[in-house]
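Asker: Go ahead and model the full structure; you've got the sequences and the hints to work with.
Chains A and B, in that order, are what the protein sequence lines are.
Mapping of the first sequence onto the numbering used here: residues 1 to 99, in sequence order.
Mapping of the second sequence onto the numbering used here: residues 1 to 371, in sequence order.
Quick caveat, the hints were computed from the structure, so don't treat them as lab data.
Computed from a prediction, not measured in an experiment: that's the story for all the values here.
Be aware that one or more of the hints could be misleading.
Pairs of lysine-lysine, DSS-like flavour, derived with a Cα cap of 27 Å [claimed, not checked]:
| hint | chain 1 | residue 1 | chain 2 | residue 2 |
| --- | --- | --- | --- | --- |
| 1 | A | K16 | B | K72 |
| 2 | B | K22 | B | K80 |
| 3 | B | K191 | B | K12 |
| 4 | B | K72 | B | K22 |
| 5 | B | K129 | B | K191 |
| 6 | B | K80 | B | K12 |
| 7 | B | K278 | B | K289 |
| 8 | A | K16 | B | K80 |
| 9 | B | K12 | A | K16 |
Rough simulated footprint, nothing fancy, chain B against chain A, three-plus residues with beta-carbon under 8 Å [unchecked claim]:
| hint | stretch |
| --- | --- |
| 10 | 33-47 |
| 11 | 57-69 |
For glycine and all other residues, C-beta sits at the position ideal for the given N, C-alpha and C.
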Amino acid sequence: MTVRVVLPSHLRTLAKVDHELKLDIAETVTQRSILDALEARYPMLRGTIRDQVTQQRRAFVRFFACEEDLSHESPDAPLPDAVATGAEPFLVIGAMAGG
Amino acid sequence: MSRIRVLVGTRKGAFVLTSDGKRERWDVSGPHFGGWEMYHLKGSPADPNRLYASQSSSWFGQLIQRSNDGGKTWEPVGNKFVYDGPTGTHLWYDGTPHPWDFARVWHLEPSAADPDTIYAGVEDAALFKSRDGGQTWHELPGLRTHASAQSWQPGAGGMCLHTIVLDPVHPGRLFIAISAAGVFRSDDDAKTWRPINRGLRSEQIPNPTAEVGHCVHRIAMHRSRPNVLFMQKHWDVMRSDDAGESWREVSGNLPTDFGFPIDVHAHEPETIYVVPIKSDSEHYPPDGKLRVYRSRTGGNEWEALARGLPQRDCYVNVLRDAMAVDALDPCGVYFGTTGGQVYVSPDAGDNWTPIVQHLPAVVAVEVQTLP
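Answerer: Next up, the structure:
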């Protein structure tokens with residue numbers, strides 16, 4: 001499966017990527033499998049989206065797709081087919097919290 | 001002629017300011033890492049082109065950046081800061097136990113001898129070390145597991161280990177300071193520690209002369225006299241002549257002895273600088289006049305240095321890591337403000353001029369004197 005991922009501006013700069021990137025996922029497409037693939041290809045992103053030890057999503061980072069907030073779904077829950085097929089992107093969002 | 005490189009960390013990025021030894025004309029490079037909080041940047045004494053930077057964000061956590069070309073290019077290195085073993089608790093603001101939780105790196109202190117060896121002081125307070133140029137970090141847990149650690153409490157800025165001073169003479173000796181626990185010294189390469197706060201008095205804690213609990217803002221040392229330490233505490237400017245075994249107040253005639261930074265002249269170990277701030281709840285200079293105070297007697301007798309600094313309507317702050325000196329003669333003194341100015345005095349404080357005036361709030365200033 002080729003999944004589309006959109007990162008927030010600061011992480012795009014850090015990883016030196018464009019607005020949207022594509023990741024090949026061999027297993028079931030979940031939050032965890034996307035982040036595993038993302039961090040494997042862009043190791044500088046480790047620790048910026050989820051904790052490196054606990055794997056918990058950072059508090060001010062949210063995951064959106066298909067006009068839904070999936071942040072509180074299980075990281076191992078299959079994502080919507082539209083994400084898995086690449087019809088819709090998986091959005092990593094920096095929460096609106098001032099600054 | 002020597003060159004000067006000033007490393008500036010701000011709330012929204014890093015800047016590198018360079019000049020020749022006259023320190024009159026400056027080139028400004030940046031923002032690097034725009035939008036990120038740059039808590040500290042520091043160069044290796046062993047390789048001045050090796051720089052380290054602490055890059056932090058409430059959204060995206062902690063990164064460490066490294067440069068091998070004096071700040072022209074940077075690469076992210078290791079950012080995995082994991083406490084060694086059970087973390088236990090310290091006290092929260094309300095006095096209840098609170099689990100140790102890594103937030104950010106406040107201070108980076110490269111080894112004098114090895115560009116790949118560097119210490120990091122973090123929040124919640126702990127000391128980390130890297131021996132591979134920042135690729136991997138390991139905690140030196142003797143400090144965080146000190147018997148007093150359960151009673152440590154955060155200062156207003158968080159429970160941060162903000163100052164690391166490596167003794168250039170006594171092998172294995174280093175000093176650190178934590179807000180609001182106080183100063184600690186190790187004589188065995190950070191394996192064991194003991195608090196060295198005798199003589200400090202802080203009315204804001206239940207026992208004003210307690211062994212730990214003091215909100216030490218900064219300590220400074222001149223390399224030629226490592227047993228002499230100067231301290232800017234929450235209130236009070238202090239001095240120790242016995243490597244921290246005892247402290248005495250040297251606030252003398254300062255208009256207020258609250259402040260954050262303190263530093264020592266590069267060639268005169270009895271000449272020290274502070275920036276008095278009105279109070280702990282009014283973080284700006286008294287009377288709207290920004291003045292550095294200099295003592296040429298190691299404290300007690302202070303003179304105001306105001307030439308070139310704003311003397312009306314000035315309500316900026318100068319944070320703890322935002323003052324530094326160069327090694328030229330005459331000694332240059334530098335500081336940055338929360339209003340985004342970085343000032344230089346090329347004559348040891350007599351005259352000041354802004355290098356830049358409109359940066360984001362300045363958090364840290366370090367200076368490199370280059371051949």
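Asker: Which numbered hints does this structure break?
Answerer: Violated hints: 2, 3; rest satisfied.
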